[in-house]
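Participant: Residue numbers (the working numbering), protein chains in the order written: chain A, 1 to 612; chain B, 1001 to 1127.
If you're looking for bench data, these hints aren't it; they were derived computationally from the structure.
Here a beta-carbon is modelled for each residue, glycine too, at the ideal position from N, C-alpha and C.
Incorrect hints may appear among the rest.
Said to hold, decoys possible - In silico EDC-like pairs for lysine to aspartate or glutamate, Cα to Cα no more than 20 angstroms straight-line: (1) 151/A / 1027/B; (2) 406/A / 395/A; (3) 1121/B / 226/A; (4) 148/A / 1043/B; (5) 227/A / 1116/B; (6) 207/A / 1071/B; (7) 148/A / 1040/B; (8) 278/A / 1027/B; (9) 598/A / 31/A; (10) 1026/B / 215/A; (11) 413/A / 361/A; (12) 302/A / 1043/B; (13) 598/A / 497/A; (14) 8/A / 46/A.
Stated by the list, open to error - Facing chain B, a subset of chain A residues (Cβ under 8 angstroms, in silico): (15) 384; (16) 388; (17) 553; (18) 556.
Stated by the list, open to error - Between beta-carbon pairs, the in silico distance windows are: (19) 1026/B / 226/A: 19 to 25 angstroms; (20) 274/A / 1038/B: 40 to 46 angstroms; (21) 1080/B / 136/A: 48 to 54 angstroms.
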Amino acid sequence: MIPGYGGKILRVNLSENKITSEPTPENLIREYLGARGFIIHTLYTELAPGTDPLSPPAKFIIATGPLSGIFLPSSGKFQSGGKSPLTGGYGEANCGGHLPAELKMAGYDMIVIEGKSPKPCYIVVEDDDVRLEDASALWGKGSLTTEKLLKDSLGEDFQIATIGPAGENLVKIACISHDFGRQAGRTGLGAILGSKNVKAICVRGSKSIPIHDVEGLIRVARRMYEKCFTNPAFELWQNYGTGSVTVWANRIGAFPTRNFRSGYFELFTNLSGITMRKEVVVINKGCFACAMCCGKYSHTKKGDYDAYVEGPEYETTAMIGGNCALGDIRDVAYANYLCDEYGIDTISGGSIIAFAIECFERGIITEKDTGGVKLKFGDPASVFALIKKIALREDVGDLLAEGTRKAAETIDKDAIKFAMQVKGLEQSGYESRRAPAMLLSYMTSDIGAHHRPSWAVTHDLVTGRDTPENKAAKVIELQHTRPLFDTLGVCRLPWIEMGVPVSDYAEAFRMITGIDYSEEDLYHISERIWNLTRMFWVREVPGFGRQYDLPPARVWEDEIPDGPTKGGIFERDKIEAMLDEYYELRGWTKDGVPTEEKLKELGLEWVLESSR
Amino acid sequence: MKIGREESRCSGCRTCQLVCALHHFKENNPKKAAIGIRGEFPEPGRYRISLCTQCEKCIDACPEGAISKVDGIIRINSEKCTYCLACVDACPFDAIFTHSDFKVPFICDVCGECVEICPTKALYWKS
C-alpha cells in the first residue's frame, strides 16, 4: 500500500443495498494522484456514455487526495463529482472543511455512490462499519438543520455532507453542504444525491494516515506554515478572508453588477471585508489544518430575519451583492443563509436571480410568472423570494431551477445573449469584458464558467486589458497548476495568497507517499487530467466543440455603462483569436478536440481505443 | 508555565491536534491528540477547547495512584494504570483522552508544540 492514502475505495450501490470496498489501485494513484484525477478516471471508465445524470446508473463521487488530512497548510479539501445535471458534461465541485481528513482516517480515499435508494436514506461510515439509515424524518429539512440533527444523534465528531430541499427537488444548481456553511457548490451535484434519495453522508474515522517519512513531512510542513505566518498579507487575509477582494474588484471594474451589465457597484463599500467584519462576523472559521482560516462565521439580523451563516465569501458578495445590486451586507448574508439552508449554489443562484430580474425589467417575464412578486435589482425581497421559489420549484422558479441556459432557451430567443454562462454553468464573480485572460479562463474551464481552474485578472492588468495577445499560454499554465491542488486534495490559497511555492507541495507529496515525482511530473499528470475531462465532454455532449467555448453575446455586444471599465467590450474576432491560440498551444484541433498525438503524449491512447 | 486558551480566537482548524499527535506518537492522526476541539454550530457559532489546566482532580480520582505531578505537570504512569478511566470521568475539562489503539489514557504534557503552530494564537503561554 502506498502511504498517504486511506487505502480503499468505498462503493455504495443503493439499488442493490450493497456496500463493498476494494484497495485503491496503485496505477490509479501513480497516473491520476487523487481527488479530481480519481473522479474523472472513474467517470470515464465506469459510466456508460450518455447516462442520464439523474438516473440510477449515474454516479456521485466524493474523493480525497494524497495531501488531504495531512499536517500541512490547509489540507482540508475534497472534490465531489459526477456527470453534471446542469451542463450534461464533466461536473465537479470543490469543498473545504473536515470531511476529507475523516474519510481518510476511516480508511477510504473515495466514495462512489450509484443506484437509487427506495426511500430517503443517509450513509454512515465509521471505519469499517458502513451502513444505510432511514432519512424519512430528515427529508424536506434544510442543510444546516439536517447537519445539526445528525450531529446531535450521531456525535459532534462526525463530519457530514448534506443536501437541502433544492437537491431533493432535483434543482440543477443544488449544492452539497458541509461543516455548517462550506459547500461543494458548482455544477448541480446536489441534485444527483437527491435523485438517489441520499440526504446525507456522515463519516467518522479513527485510523492514522500512514506517512512515508514523518520527520521529513514535519520539516516541510513547518516551513510551509512559517511562509504563511510571515507573509505580509497574512493578517489581512485572516481578518477579512475573501471579502478583501470586493473593494479591489470594484476599483478595477471587474465586480459583476446587475447581471454583468456593469463591472462596478456604486454601493460596494457597504459590502467590503471591513464592513462585513464590523456588521456581521462572529468568528474566523478554518478548514482542517488551515493556516489562514479565511472562513468568516456571521450573525445577520435585520427586520424580521435573524440567522447564523458562514460567509458571505467574495463570490457570494459578488453574485448576490453586486449582481443583484443588494447594497447591505446583512441582506447579502441572509440571502447566503437561505441559499445554504435550501441547498443552492450561491454563484449560480445569484446569476439566475439577476438574469430573472433583467428578464422582468424587459417584460419577458411578468408578475403572472413570479406569483405576484415585482422583481427589482436592489430589492432584497425579490432575491429572498426567488431563492425559495427556485429551491421549491414554485412559479417561474421551476424553470429557473433548470439553470440560466435552459431558462433562456425556453422563455425568449434573445435572452441567451444575457444568460451569463458558458457550457451551461453560470459565470462566477468576475466581469471580464476588460479582462481577456479571465474571459478565456471562463470560456475554457472544464466545468463551465468557473474561476477555480484559472483565475487571471492580475495577468490582464499586466499584459493588457483589451488585447488577445499573450493570454492563452498563461491560462493553460494556470489550468495545470490550480487544478493540481484539487487533485492533491489541498487548498490553493497558501500558494496563491501566501507565496508557498508548488515545489513545497511536490516535496510534501514525496515525503508523504514515497513516490519520487518532481514538480514537472505533477504538472504532466495535471495536463493528462485536463485532457481527459475534455474528452468526457466530447463523449457526453453531442456536437461538442468550439461553439461550447464561446461566452454569451453580452461580452461583444453590450458596452459596460459605467465605472472604471466604462465602454468596455471584447470583440468577437478577438475572442476567436484567443481560442485559436489556445487550441494550438494545447495540441487540440481547431474545433477544440484533443488530437490523437496529444492523447498519446499524455498516456491517454486508451481513450481513443475505447471510443472506436 | 501553562498553556492558555482564548476560545474566541479558535477557528477549529485542528492543526494543534495534528501537531500534538505527530510530536507524541509520530502519527498523522488528530484523534490521538491531548487537546480537544468541539464546535457549537449553527448557534452561537464558536469552538470549545479542552485542555488540561493542571487542576489535579484526576490525581484525586485515580484509585491506583498512577497520576501525579512531575515538575509541576500532570503525568500518567502507564505501569501503574489499570485502564479504569476514572480520571477521564473525573476531569472537569474533558481533557483526558483515549483512543482504541491505546489502553492508557493520555493528557497534555505542556510540550508547547500546539502553541507554536496555532495559526490564530488561540493557544498561548501563560505564566
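Participant: So which of those numbered hints doesn't the model satisfy?
Facilitator: 1, 6, 8, 13, 15, 16, 17, 18, 20
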